[in-house]
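**Q** So the chains spell out like this:
Protein chains: 2
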Amino acid sequence: MEKLKKYVSMKDEDQFYHQGAVELLVFNFLLILTILTIWLFKNHRFRFLHETGGAMLYGLVMGLIIRYVTKASDVESGTVYECEKLKSGPSTLLINITNQVYEYQYKREISHHNVNGHQGNSMLQKMTFDPSIFFNILLPPIIFHAGYSLKKRHFFRNLGSILTYAFLGTAISCIVIGLIMYGFVKAMVHMGQLKEWEFHFTDCLFFGSLMSATDPVTVLAIFHELHVDTDLYTLLFGESVLNDAVAIVLTYSISIYSPKENPNAFDAAAFFQSVGNFLGIFAGSFAMGSSYAVVTALISFLHLTKFTKLCEFPMLETGLFFLLSWSAFLSAEAAGLTGIVAVLFCGVTQAHYTYNNLSPDSKMRTKQLFEFMNFLAENVIFCYMGLALFTFQNHIFNPLFICGAFVAVFVARACNIYPLSFLLNLGRNQKIPRNFQHMMMFSGLRGAIAFALAIRDADSQPKQMMFTTALLIVFFTVWVFGGGTTPMLTWLQIRVGVDPDEDLKAEAASQSASNLDKNTTKAESAWLFRIWYGFDHKYLKPILTHTGPPLTTTLPEWCNPVARLLTSPTAYGDQLKDGDTDYIINNDELTENYESSAQTPGPAQDRTGSTHAMGKEDIQEGDLGLGGYKLQLQPQMNSPA
Amino acid sequence: MEKLKKYVSMKDEDQFYHQGAVELLVFNFLLILTILTIWLFKNHRFRFLHETGGAMLYGLVMGLIIRYVTKASDVESGTVYECEKLKSGPSTLLINITNQVYEYQYKREISHHNVNGHQGNSMLQKMTFDPSIFFNILLPPIIFHAGYSLKKRHFFRNLGSILTYAFLGTAISCIVIGLIMYGFVKAMVHMGQLKEWEFHFTDCLFFGSLMSATDPVTVLAIFHELHVDTDLYTLLFGESVLNDAVAIVLTYSISIYSPKENPNAFDAAAFFQSVGNFLGIFAGSFAMGSSYAVVTALISFLHLTKFTKLCEFPMLETGLFFLLSWSAFLSAEAAGLTGIVAVLFCGVTQAHYTYNNLSPDSKMRTKQLFEFMNFLAENVIFCYMGLALFTFQNHIFNPLFICGAFVAVFVARACNIYPLSFLLNLGRNQKIPRNFQHMMMFSGLRGAIAFALAIRDADSQPKQMMFTTALLIVFFTVWVFGGGTTPMLTWLQIRVGVDPDEDLKAEAASQSASNLDKNTTKAESAWLFRIWYGFDHKYLKPILTHTGPPLTTTLPEWCNPVARLLTSPTAYGDQLKDGDTDYIINNDELTENYESSAQTPGPAQDRTGSTHAMGKEDIQEGDLGLGGYKLQLQPQMNSPA
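Protein chains in written order, with my numbering: chain A, 171 to 811; chain B, 171 to 811.
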């Protein structure tokens with residue numbers, strides 16, 4: 171009897187394993203469908219529904235099927251049991267049921283009004299997976315990939331504008347959405363749809379901050395495919411990636427904003443604490459991410475010295491790269507910082523230093539690995555967003571709130587883009603034209619981050635209303651704006667089919683030909699960057715990579731022994747490898763550069779020794795800077811005068 | 171107040187997220203350490219502790235630290251709560267604690283004697299992760315990679331011997347261990363260490379089946395590095411990979427063997443049901459795995475036809491390949507079959523058909539992706555095995571049982587290898603020499619599969635005793651035998667530094683030179699394979715890949731319209747691509763092959779068009795068969811006479 175019972179319970183357990191397999195199989199099936207669809211779309215050059223939109227659509231249909239076709243299998247789960255002995259929820263609970271002890275694991279806290287939503291269908295419950303999976307597993311590869319594949323040259327050219335949009339713009343957007351929503355909430359309270367104490371101004375700001383995270387996936391994928399004007403691409407890319415980081419930290423700071431007394435009143439101390447939190451978390455995460463990347467760079471740097479040859483084992487190199495980057499994320503999370511921000515800057519720093527140290531094989535492996543992870547994670551997220559509309563069981567559809575949110579999101583985007591562009595144009599030599607501004611306004615899609623932030627905390631009724639609304643806005647923007655990107659580009663007469671490097675060369679050539687406003691385009695936005703660049707080029711690059719001038723020439727005389735120790739033996743020979751030199755070199759050099767690289771395209775690539783088997787972009791990225799660049803020019807160039 | 175409370179609970183939740191990050195960080199840290207150690211070892215050609223042994227050692231140290239340094243943080247978790255209202259454990263439990271509802275998720279059933287083991291340290295509990303993670307996430311990439319990287323030629327040459335060792339050998343090993351352990355268990359009962367009803371003969375057999383799974387990782391990695399004699403390598407590789415599949419299905423079949431009355435008595439009906447289960451599950455999993463691979467092959471096959479160009483999007487191709495292979499695993503699990511077996515045969519079939527259809531870029535990407543996943547999963551498993559010695563809280567160390575198990579494992583290995591080798595040598599022309607047999611005996615390490623099977627069911631006291639014993643045997647064999655592999659190879663005077671293809675060529679050359687026992691070496695072991703090969707070459711390969719003769723020539727006349735439809739336009743031009751032809755071609759052909767490929771090594775590789783940027787093995791794998799192979803030879807060759 172005892173024996174038989176054990177076998178039965180073992181079969182139950184197997185049932186659990188199989189259940190997990192079924193859910194994963196559903197996702198696999200959705201992803202396979204999505205891939206086949208993307209393939210079909212790409213074949214027929216069909217661009218009115220982007221792949222992310224397609225993934226969402228499939229998710230939606232699958233959610234519908236799961237919701238209405240699968241039966242409610244688990245009748246027990248709706249009942250709430252009383253437990254007087256416990257004071258708080260322990261992480262594991264041992265329960266004695268008919269003389270058999272079962273172990274239960276803490277999952278979450280549930281509001282009372284949600285309890286009946288948990289009745290029935292266990293399949294639905296399983297499909298709505300833990301939001302921590304988003305933050306710990308699906309988002310990091312996407313954000314890392316964004317940082318790792320950042321086109322450094324164009325990014326730094328527009329650094330000032332990007333930072334303005336990302337920081338100031340997100341703050342504006344958050345406040346505008348918060349204010350408009352507060353108006354709508356007041357109206358709802360007035361109409362009796364909501365109780366006053368349920369929805370504070372901080373909740374509105376919370377909603378504002380999570381809705382301010384724009385999606386770096388859909389539009390940029392289309393832009394990348396169409397080779398849209400590089401400046402526009404870079405502005406949007408930089409904005410949406412950094413803006414995610416800002417929005418995440420902002421949301422967290424607002425959620426822990428806790429004024430002592432009335433949560434509705436303004437409390438200066440709590441406010442400044444929130445601002446302090448924001449700055450602290452952002453800076454901390456930045457530092458955490460960069461330092462991991464620096465460690466990786468240092469380890470990979472060792473591979474060319476005489477003692478060790480990590481580059482002979484590309485698998486180990488790739489593994490180390492992957493694990494250290496992921497550790498940056500995990501350490502930040504473990505330290506109470508924001509892992510996503512850490513992993514973004516980790517990616518940027520890895521691309522800047524470590525990438526140069528990797529063996530050609532590892533360069534390709536890391537790129538392909540992160541590309542692949544990014545691809546899978548992206549599609550899983552969009553499929554899941556589609557699924558969530560039907561599998562999430564506590565939706566609260568409030569028409570007024572939804573209308574208000576739509577209005578707020580568009581007004582906030584307008585208040586972000588147009589005034590800031592106007593201000594930036596006052597300072598920029600190369601203005602941001604009107605059609606670019608319209609396109610940026612149009613490209614303010616909301617995607618994975620907004621969704622993830624909303625689902626992370628969807629226990630109370632206001633939060634559930636926010637989640638439902640956020641989901642609808644994501645659907646609308648991805649389908650309508652995502653699908654409308656190509657027509658919009660045509661309508662706004664924005665250049666497509668641009669080769670980013672040709673672009674830069676042509677510009678440089680025309681500038682040197684007319685010989686006008688020499689050196690100003692570069693200098694205007696880059697004065698801060700110039701200082702940083704000098705430091706980076708003279709000290710960091712030589713220490714962390716095999717590029718840049720040898721330390722013995724850049725450090726003061728008395729540091730010579732240290733410098734010799736730190737300088738890699740190959741640094742002296744490989745000084746031409748630095749791909750960033752063209753940011754701050756002046757026009758004459760750039761022209762010379764352009765001419766010599768136009769004359770000798772072959773040797774430039776050969777000399778780097780690592781550009782074969784790379785994507786076209788890489789070659790271009792590394793190409794221009796190395797063309798015929800002369801070492802002797804470097805000292806003049808780096809003088810801060 | 172309400173508000174404040176919510177914030178507190180939100181912080182609690184954050185605590186949970188961070189806790190998860192800390193655990194992952196521990197694993198990351200262990201893996202980074204392992205990689206750095208491997209790198210160091212490889213640099214110093216240090217082979218007395220293999221990397222897997224190193225990973226285990228680090229895990230052990232980390233487990234020690236976690237066990238004795240972290241404090242018991244969760245005092246509540248040792249208490250068992252009574253619940254009279256419930257009849258069985260539901261999958262989710264809602265519990266009302268001080269007016270707040272918490273959701274708990276079912277984790278597992280716990281035996282009464284284990285309850286106090288769950289007291290205290292929540293860190294320890296978190297570190298002992300769910301065995302389903304092994305089976306669903308960590309094992310599939312390892313097994314798939316084994317199947318995908320199988321060296322087909324040498325494998326099929328030794329197919330008969332490998333199948334004998336894998337099926338018959340595992341059964342012998344299982345029964346021998348079971349019998350010996352039954353003797354020890356009887357002795358323990360006699361000595362009062364165990365109660366009679368606790369440990370049946372089926373439990374002994376269960377232990378025997380799980381301990382029969384030999385490890386395909388440690389020894390083979392060393393063999394691969396040292397380029398040990400190819401026949402020995404193939405025998406061991408094939409045996410240990412297939413043997414895992416057999417052991418997993420065997421363990422499952424024994425665990426569901428449930429005789430009606432006395433579980434100790436032999437029940438013929440139940441026994442035959444178990445045998446039927448074994449055969450059914452094995453065949454079903456095989457079919458499931460292969461059919462997914464065939465679907466993948468068909469989809470990827472379409473990519474060269476005029477409608478579609480999947481090969482232009484290597485990312486989509488790789489994604490599809492990855493997802494379909496994983497689906498094979500998940501579908502088998504969902505259908506109640508064995509995913510591991512399915513994924514193994516899926517890997518073999520993918521390598522045989524789909525690989526030929528992939529674009530060169532995707533070939534490389536899939537290989538590198540699975541290599542990387544295999545590398546990570548392997549190291550995680552070995553680290554975790556080290557950790558488990560200290561973090562698993564219900565170890566039962568029984569010296570007699572442990573001694574018995576050590577004796578049983580070695581005796582069983584001897585009973586498997588020596589008699590079977592003797593029998594096989596009766597039939598084999600190329601005998602398995604004595605020193606190979608000793609080496610195979612010595613290489614019977616136990617690793618991840620034995621561990622995973624043991625931890626999957628470690629709730630009752632006998633099962634915990636088995637788990638502890640299995641873990642110790644894994645430690646011992648990996649450290650002692652893994653570390654002793656290199657000295658043992660020297661001592662047994664087994665050839666190292668062998669190039670597998672040179673080997674085959676040399677053999678062929680010597681055979682044709684002496685002109686002795688012509689055609690028998692190939693024919694003896696391959697009569698079954700010859701029939702299969704004919705079918706595969708004439709029908710499957712042309713339908714599923716772009717290799718082999720066009721279907722129009724192999725199908726009967728009246729099938730011509732269908733054949734023309736199914737034949738790829740490139741098949742007519744690419745008929746020389748088939749890399750398997752050399753298994754069954756006779757000596758004359760092989761010699762001709764050898765000579766012409768020796769004369770023209772360049773063009774052969776060029777003609778395949780896909781060997782650049784592949785590993786050396788791939789080139790070799792595809793090389794010999796295509797060298798100067800003539801299409802006209804094919805018809806004679808495939809005649810079954």
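Errors might be hidden in some of the hints.
Intra- or inter-copy, both count: the list cannot distinguish identical chains.
[Stated by the list, open to error] Quick list of in silico lysine-lysine cross-link-like pairs, DSBU-like style, CA-CA up to 35 Å: (1) LYS356 <-> LYS212; (2) LYS537 <-> LYS356; (3) LYS212 <-> LYS537; (4) LYS356 <-> LYS321; (5) LYS356 <-> LYS322; (6) LYS322 <-> LYS708; (7) LYS601 <-> LYS365; (8) LYS537 <-> LYS322; (9) LYS537 <-> LYS321; (10) LYS708 <-> LYS365; (11) LYS365 <-> LYS321; (12) LYS321 <-> LYS601; (13) LYS708 <-> LYS356; (14) LYS708 <-> LYS321; (15) LYS365 <-> LYS322; (16) LYS365 <-> LYS537.
Quick caveat, the hints were computed from the structure, so don't treat them as lab data.
Note that the coordinates shown come from a computational prediction; the quantities given were computed from them, not determined experimentally.
**Q** Run every hint past the structure and note whether it holds.
**A** Cross-check of the supplied hints:
Taking CA atoms no more than 35 Å apart as the test, LYS356 paired with LYS212 passes in neither setting, with 47 Å inside one copy and 69 Å between copies. When the C-alpha separation of LYS537 and LYS356 is checked against a cutoff of 35 Å, the pair qualifies neither within a copy, at 50 Å, nor between copies, at 59 Å. Taking the closest pair of Cα atoms, LYS212 and LYS537 come within 35 Å of each other both inside a single copy (22 Å) and across two copies (25 Å). With identical chains, the CA atoms of LYS356 and LYS321 are never at most 35 Å apart, being 45 Å at best within one copy and 71 Å at best between copies.
Taking identical chains as interchangeable, the C-alpha atoms of LYS356 and LYS322 are never at most 35 Å apart, the minima being 46 Å within one chain and 72 Å between chains. With identical chains, the CA atoms of LYS322 and LYS708 are at most 35 Å apart within one copy only, with a shortest distance of 18 Å there and 54 Å across copies. For a Cα distance limit of 35 Å, the shortest separation of LYS601 from LYS365 qualifies neither inside one copy, at 48 Å, nor across copies, at 86 Å. In the homo-oligomer, the alpha carbons of LYS537 and LYS322 lie at most 35 Å apart both inside one protomer (15 Å) and across protomers (30 Å), since each shortest distance falls under that limit.
For the identical chains of this complex, LYS537 and LYS321 are neighbours both inside a copy (14 Å) and across copies (28 Å), given an alpha-carbon limit of 35 Å. Neither within a single protomer nor between protomers do LYS708 and LYS365 lie at most 35 Å apart by alpha-carbon distance, with minima of 61 Å and 75 Å respectively. In this assembly of identical chains, LYS365 and LYS321 lie within 35 Å of each other by CA distance neither inside one copy nor across copies; the values are 49 Å within and 70 Å between. For the homomeric pair LYS321 and LYS601, the shortest alpha-carbon distance inside one copy (20 Å) is at most 35 Å, but the shortest distance between copies (61 Å) is not.
Taking CA atoms no more than 35 Å apart as the test, LYS708 paired with LYS356 passes in neither setting, with 58 Å inside one copy and 76 Å between copies. Taking CA atoms no more than 35 Å apart as the test, LYS708 paired with LYS321 passes inside one copy only; the shortest distance there is 22 Å, against 51 Å between copies. Taking the shortest Cα distances, LYS365 and LYS322 never come within 35 Å of each other, neither inside one copy (50 Å) nor across copies (71 Å). With identical chains, the CA atoms of LYS365 and LYS537 are never at most 35 Å apart, being 52 Å at best within one copy and 59 Å at best between copies.
Consistency note: the structure conflicts with the earlier hints numbered 1, 2, 4, 5, 7, 10, 11, 13, 15 and 16.
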